[in-house]
Amino acid sequence: MIDSKNYAEARICLQKVPEGPAELEMQKFINKREEKIVTILKMYPEPRPALIPILFELQRDYGWIPPMMVKIVAERLRIEPSEAYGVATFYSLMKTKRAGKYVIMICGTLSCELKGSAEVIKAAETALDIKVGETTKDGKITLKRVECLGYCDKAPVVQIDNSSYCEKVTPEDIVKIIKRLRNEF
Amino acid sequence: MILKSVYDGIKGLIAGYAVTITKFFSRGTTVPYPEKTPFVSERWRGVHGLFFTDNRFEELCVSCHLCAKVCPSVCITMEGSEDYLQRKRLKRFDVDLGRCIYCGYCEEVCPADAIRLTTSHDYVSRDRENLILHKEDLIEIGKSAMRRGEHGALGIRRGDGKKVVYQENRNLDASFKALSGERVKR
Amino acid sequence: MSLVRVKIDDEEIEVPEGTLVITAAEKLGKSIPHFCYHERLTPVAACRLCLVEIEGMPGLQPSCATKVKDGMIVRTNTKNVLDSHKSVLDLVLETHPLDCPKCEATGRCKLEDFTYEFGPHRVSYYRPPGISAYDYEELSWSPVLKFDPNKCVECSRCIRVCDEVQDCRALVASSRGHNWRITTFTGGPLHCDFCGACASVCPTGAIEQQPGKFWKKDWELEKHFVICSHCGHGCTLLLRGWEGRIARIEDDFKVGINRANICSRGRFGFDIISHSSRLSKPLLRSDGKLVEVTWEKALFAAMEMITASHSVIGLASGMLSVEELFLFSKLLASRNGKKFSESRDGDVIEFEKKRLGRYGSTHGFDQLDSFESIVLVDIPVEELDEVLRIDLISAAKKSGAKLFTAGRASFRLKKRIAGLFKINSQTLASAPAKTLFVVDTERIEEKELSAILEKVSSDPFTGILFVAAQSNSRALSSFGFRVLPSDEISEVDLMIAAGPLQMTERPTSVKRLIASASFRNELVESADLVFPAALPFEKSGTYVNSEGRAQYSDIAVPMAGESWPDAVIWISVMKELGEATPSTPREILDEVRNNHPELFERNYPVKSSEAEPKLPSTRLAPPKRHRGLLLDKSEWLRKLQEHLDFSKEFSPWF
Numbered sequence: 000m001i002d003s004k005n006y007a008e009a010r011i012c013l014q015k016v017p018e019g020p021a022e023l024e025m026q027k028f029i030n031k032r033e034e035k036i037v038t039i040l041k042m043y044p045e046p047r048p049a050l051i052p053i054l055f056e057l058q059r060d061y062g063w064i065p066p067m068m069v070k071i072v073a074e075r076l077r078i079e080p081s082e083a084y085g086v087a088t089f090y091s092l093m094k095t096k097r098a099g100k101y102v103i104m105i106c107g108t109l110s111c112e113l114k115g116s117a118e119v120i121k122a123a124e125t126a127l128d129i130k131v132g133e134t135t136k137d138g139k140i141t142l143k144r145v146e147c148l149g150y151c152d153k154a155p156v157v158q159i160d161n162s163s164y165c166e167k168v169t170p171e172d173i174v175k176i177i178k179r180l181r182n183e184f
Numbered sequence: 000m001i002l003k004s005v006y007d008g009i010k011g012l013i014a015g016y017a018v019t020i021t022k023f024f025s026r027g028t029t030v031p032y033p034e035k036t037p038f039v040s041e042r043w044r045g046v047h048g049l050f051f052t053d054n055r056f057e058e059l060c061v062s063c064h065l066c067a068k069v070c071p072s073v074c075i076t077m078e079g080s081e082d083y084l085q086r087k088r089l090k091r092f093d094v095d096l097g098r099c100i101y102c103g104y105c106e107e108v109c110p111a112d113a114i115r116l117t118t119s120h121d122y123v124s125r126d127r128e129n130l131i132l133h134k135e136d137l138i139e140i141g142k143s144a145m146r147r148g149e150h151g152a153l154g155i156r157r158g159d160g161k162k163v164v165y166q167e168n169r170n171l172d173a174s175f176k177a178l179s180g181e182r183v184k185r
Numbered sequence: 000m001s002l003v004r005v006k007i008d009d010e011e012i013e014v015p016e017g018t019l020v021i022t023a024a025e026k027l028g029k030s031i032p033h034f035c036y037h038e039r040l041t042p043v044a045a046c047r048l049c050l051v052e053i054e055g056m057p058g059l060q061p062s063c064a065t066k067v068k069d070g071m072i073v074r075t076n077t078k079n080v081l082d083s084h085k086s087v088l089d090l091v092l093e094t095h096p097l098d099c100p101k102c103e104a105t106g107r108c109k110l111e112d113f114t115y116e117f118g119p120h121r122v123s124y125y126r127p128p129g130i131s132a133y134d135y136e137e138l139s140w141s142p143v144l145k146f147d148p149n150k151c152v153e154c155s156r157c158i159r160v161c162d163e164v165q166d167c168r169a170l171v172a173s174s175r176g177h178n179w180r181i182t183t184f185t186g187g188p189l190h191c192d193f194c195g196a197c198a199s200v201c202p203t204g205a206i207e208q209q210p211g212k213f214w215k216k217d218w219e220l221e222k223h224f225v226i227c228s229h230c231g232h233g234c235t236l237l238l239r240g241w242e243g244r245i246a247r248i249e250d251d252f253k254v255g256i257n258r259a260n261i262c263s264r265g266r267f268g269f270d271i272i273s274h275s276s277r278l279s280k281p282l283l284r285s286d287g288k289l290v291e292v293t294w295e296k297a298l299f300a301a302m303e304m305i306t307a308s309h310s311v312i313g314l315a316s317g318m319l320s321v322e323e324l325f326l327f328s329k330l331l332a333s334r335n336g337k338k339f340s341e342s343r344d345g346d347v348i349e350f351e352k353k354r355l356g357r358y359g360s361t362h363g364f365d366q367l368d369s370f371e372s373i374v375l376v377d378i379p380v381e382e383l384d385e386v387l388r389i390d391l392i393s394a395a396k397k398s399g400a401k402l403f404t405a406g407r408a409s410f411r412l413k414k415r416i417a418g419l420f421k422i423n424s425q426t427l428a429s430a431p432a433k434t435l436f437v438v439d440t441e442r443i444e445e446k447e448l449s450a451i452l453e454k455v456s457s458d459p460f461t462g463i464l465f466v467a468a469q470s471n472s473r474a475l476s477s478f479g480f481r482v483l484p485s486d487e488i489s490e491v492d493l494m495i496a497a498g499p500l501q502m503t504e505r506p507t508s509v510k511r512l513i514a515s516a517s518f519r520n521e522l523v524e525s526a527d528l529v530f531p532a533a534l535p536f537e538k539s540g541t542y543v544n545s546e547g548r549a550q551y552s553d554i555a556v557p558m559a560g561e562s563w564p565d566a567v568i569w570i571s572v573m574k575e576l577g578e579a580t581p582s583t584p585r586e587i588l589d590e591v592r593n594n595h596p597e598l599f600e601r602n603y604p605v606k607s608s609e610a611e612p613k614l615p616s617t618r619l620a621p622p623k624r625h626r627g628l629l630l631d632k633s634e635w636l637r638k639l640q641e642h643l644d645f646s647k648e649f650s651p652w653f
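Residue numbers (numbering that gives the first Met the number 0), protein chains in the order written: chain D, 0 to 184; chain Y, 0 to 185; chain W, 0 to 653.
Treat the hints as calculated values from the structure; they're not laboratory data.
All C-beta atoms in this analysis are idealised placements derived from N, C-alpha and C, irrespective of residue type, glycine included.
Hints are supplied without guarantee of correctness; some may be wrong.
Straight-line distance between alpha carbons at most 16 Å, and here's what the computed EDC-like set of lysine to aspartate or glutamate pairs gives [claimed, not checked]: (1) Lys68/Y to Asp486/W; (2) Lys414/W to Glu45/D; (3) Lys101/W to Asp82/Y; (4) Lys101/W to Asp112/Y; (5) Lys70/D to Glu18/D; (6) Lys68/Y to Glu219/W.
Each pair of labels, with its calculated beta carbon distance range [claimed, not checked]: (7) Lys68/W to Glu22/D: 52 to 58 Å; (8) Ala432/W to Leu23/D: 48 to 54 Å; (9) Asn178/W to Arg91/Y: 39 to 45 Å; (10) Glu445/W to Leu23/D: 26 to 32 Å; (11) Asp53/Y to Arg74/W: 37 to 43 Å; (12) Glu11/W to Pro110/Y: 52 to 58 Å; (13) Glu116/W to Ala111/Y: 22 to 28 Å.
The task is simple: from the sequences and hints, build the whole structure.
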């Protein structure tokens, strides 16, 4: 039955202080971009569909999408913050965690996995000296294992940032790609 | 004729006394119980004990209620609760020995090998209340059985996960000896 | 709606058009395994467990998302279908921790049942026993709900019930593909009312209620249907307990008027019955102090007090049952006492009776979707009646009823509200025909009420729904209880207070005070004689809810300490006084039925007074004491939301 102990020890999942800036700071940041938001909002008949373009727009300026940004944007668009959070985590192009300048996304879903994406990931890990999901110490490159990128006929596929797709990547290729990215920086 | 019958009578008397006298000087079959502990097999299905891990620190029971479910005479009552590590642990465990038929199903069904039947059999009470064993009593019985090196009626050892095979011969010898009048000390 | 004939496994059945295949199969008693399908939710066909063969359709079809057609031939037991069930369950079990003996959900787990019936009895993908594929951390979303992501089968029932039924959206799905997970905002604690609907629809033990966790297995717990006493809605609760203690409260879709909707107060506020401040013995004031006495002494003292006083008034709570109010009013009538209550409900209904000649609400909760517009007249719905809020949302979704607000807007209905509605004779005259006015009896003003009643009387398609503040305050007007005037009561010798009251101090003009109460509070401390009263789950009785439906609630748990039900208390007092009184429950109910038939007008056969009513006669052992939650919702929720430590002693509401 219910013990008082049960309640006393009821551990609510620790309120992890959400990573990222405080609300006021984020509000200031978003207020500066009011014009952009308004122009995006005008493109749609109702505010709800503007969520994705606004988040992309703000990500371009801020680098990533902290939870506070999601919350403020959701309140602005009159949807639940949790719903906006679900949308933001759905797309691998939206960085809900702090990331480096370049993000290497290696597909790990079925077709790519069968074609040897695990080896590509391993090679990238050794070349960068980090593990999947981490960022290099100098903050240049983040390595991510993502779900299907929709390019299964050219598996394994690697995407770098929002721009370039690399087809049929071998472990040797990924080392070359990483070298080029380092030189570019 | 008379002599023959007298002879037969005396012969019978002597034969009879011979048996009596030899039995008088030989060792008895019965065990004078309270003074001497009788031998019981290691597989004896006696009073239940709650067993612990080999370091005797942690309870094995995960409070799955299967023993209470399988018990044909419905003599087990149990309640679970959450411990400090948020694991499922036992809060209350009562066995009514007045109802128990010592079938050993509870031991067989236990997924954690926590409840086992020990060899202890000498439990009497003038009060029916005392026949209901609570968790603390069962832990005490289990601990003393572990100290004696018992593994329960099914012979399960927890440490390496292997079943203990009782030495059949030794047991058989012992029981034959017990039957043939030789007293065995445990 | 036209009927269609479907053939399922060589058995024919006629079902209405638009029925799902799985529902038709269920009617025939066929069991098709399913996770994501739920009778209350929209089908998504996410789990692929309910695949069946349909003649003429390629491959296997999800039965939870396929509608029946005339002459359809469905097969649910071919080798192909059974193999698909098996392989899907195999894949689910691959990522599921196989620690069923240790799991709270054993016995009511769908995965367990389906695996037993259809599934692979040996998992093809080897994993060490007891270790799950994922090693997610178990989360306590709130003090009453916990979530174990390892046990989640990704059916998204919880997300849909949170969105569609509760209109809350506290739970969402994050990420996609392999990383798909049910989560709250940033994975932190839940920001909602903790209604527990997600735990109730979860097919496995992923979302569990924290109270009563690990205590008993599902098959060991008894089932009792009781009527909730926290508000005027009259929800039916399925109480699960053992040896007079309550483990948890569940919902049943088929029983009761609430359609399996229960608010957080109803679902988690049950341990009020084992609150530490419960009274267990009668208290009598001697030498300025309240002393515990026996019942005989207390009843004798009550008799002495009542016979010695010339003017008596009674103050009844709207939380007492019909029988208890009847007996209390009978006691007062025998002493020419005035009848008062704290609730305005009695006055409002009497006002309506004078104007309309009818009694109570014109429409029930199940008729909300027959209206085109619903006007909420200055009523904070979620505070007063949370389940009504859910009903309003479902009506708005189902039939497109527009919600208007007059006066105070309900916070949680904000998004659904179409506009403001100002109540005066002009607007009412031009109001659309099919309009329902939802009125809070405690807050409505006479001018507005008379305007609305005029509209209702002139237009047969317009309805009014009085939302009662307490579980039985609708019955107060029948027995003649009026609201206690706020100005000083003139010199009274004796006041008798029955039931839980909000009054905190004894009126100065009252010389003596007899109270029946369940909890120690300020009013009890100032009384001269206190009877310990049983709480709703501990006694039987009939309750009339907001829509005017009389429902019978049975005994589920033994009474705490030496407390008695109010009915028994007032019968004993009357017997002590030498008054004639009905003594058996059947006699009491028959007398109420004969004298006040209006209470039983809207008497639906929902486990109502058809059952033989009974009063507890034997004295059972008192349950163990535990610290309880507060009954006051706003206070309780505030404390929960702020994550205060529960070691602090609460101040009881009673």
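Between Asp53/Y and Arg74/W, does the beta-carbon spacing fit 37 to 43 Å?
Since Asp53/Y and Arg74/W have Cβ atoms about 54 Å apart, the given range 37 to 43 Å is violated.
With a cut-off of 16 Å on the C-alpha distance, tell me whether Lys101/W and Asp82/Y pass.
13 Å, holds
Quick one, are Lys101/W and Asp112/Y close enough, alpha carbons at most 16 Å?
Measuring from Cα to Cα gives roughly 14 Å; hence the hint holds.
Check whether the Cα positions of Lys68/Y and Asp486/W lie no farther apart than 16 Å.
63 Å, violated
Holds or violated: Lys68/Y and Glu219/W, Cα atoms, limit 16 Å.
9 Å, holds
In this structure, is the beta-carbon distance linking Asn178/W and Arg91/Y contained in 39 to 45 Å?
Holds, since Asn178/W and Arg91/Y (Cβ atoms, about 42 Å apart) stay within the stated range.
Verify the CB-CB distance for Glu445/W and Leu23/D against the hinted window 26 to 32 Å.
With a Cβ separation near 48 Å, Glu445/W and Leu23/D fall outside 26 to 32 Å, so the hint is violated.
Is Lys70/D within 16 Å of Glu18/D, Cα to Cα?
Roughly 13 Å between the alpha carbons, so the hint for Lys70/D and Glu18/D holds.
Using the beta carbons of Glu116/W and Ala111/Y, state whether their distance is inside 22 to 28 Å or not.
26 Å, holds
Falls inside 52 to 58 Å, the C-beta gap from Glu11/W to Pro110/Y?
46 Å, violated
Going straight from one Cα to the other, do Lys414/W and Glu45/D come out at no more than 16 Å?
14 Å, holds
When you take the CB atoms of Lys68/W and Glu22/D, is the distance between them in 52 to 58 Å?
55 Å, holds
Of the hints listed earlier, those the structure fails to meet are numbers 1, 10, 11, 12, in rising order.
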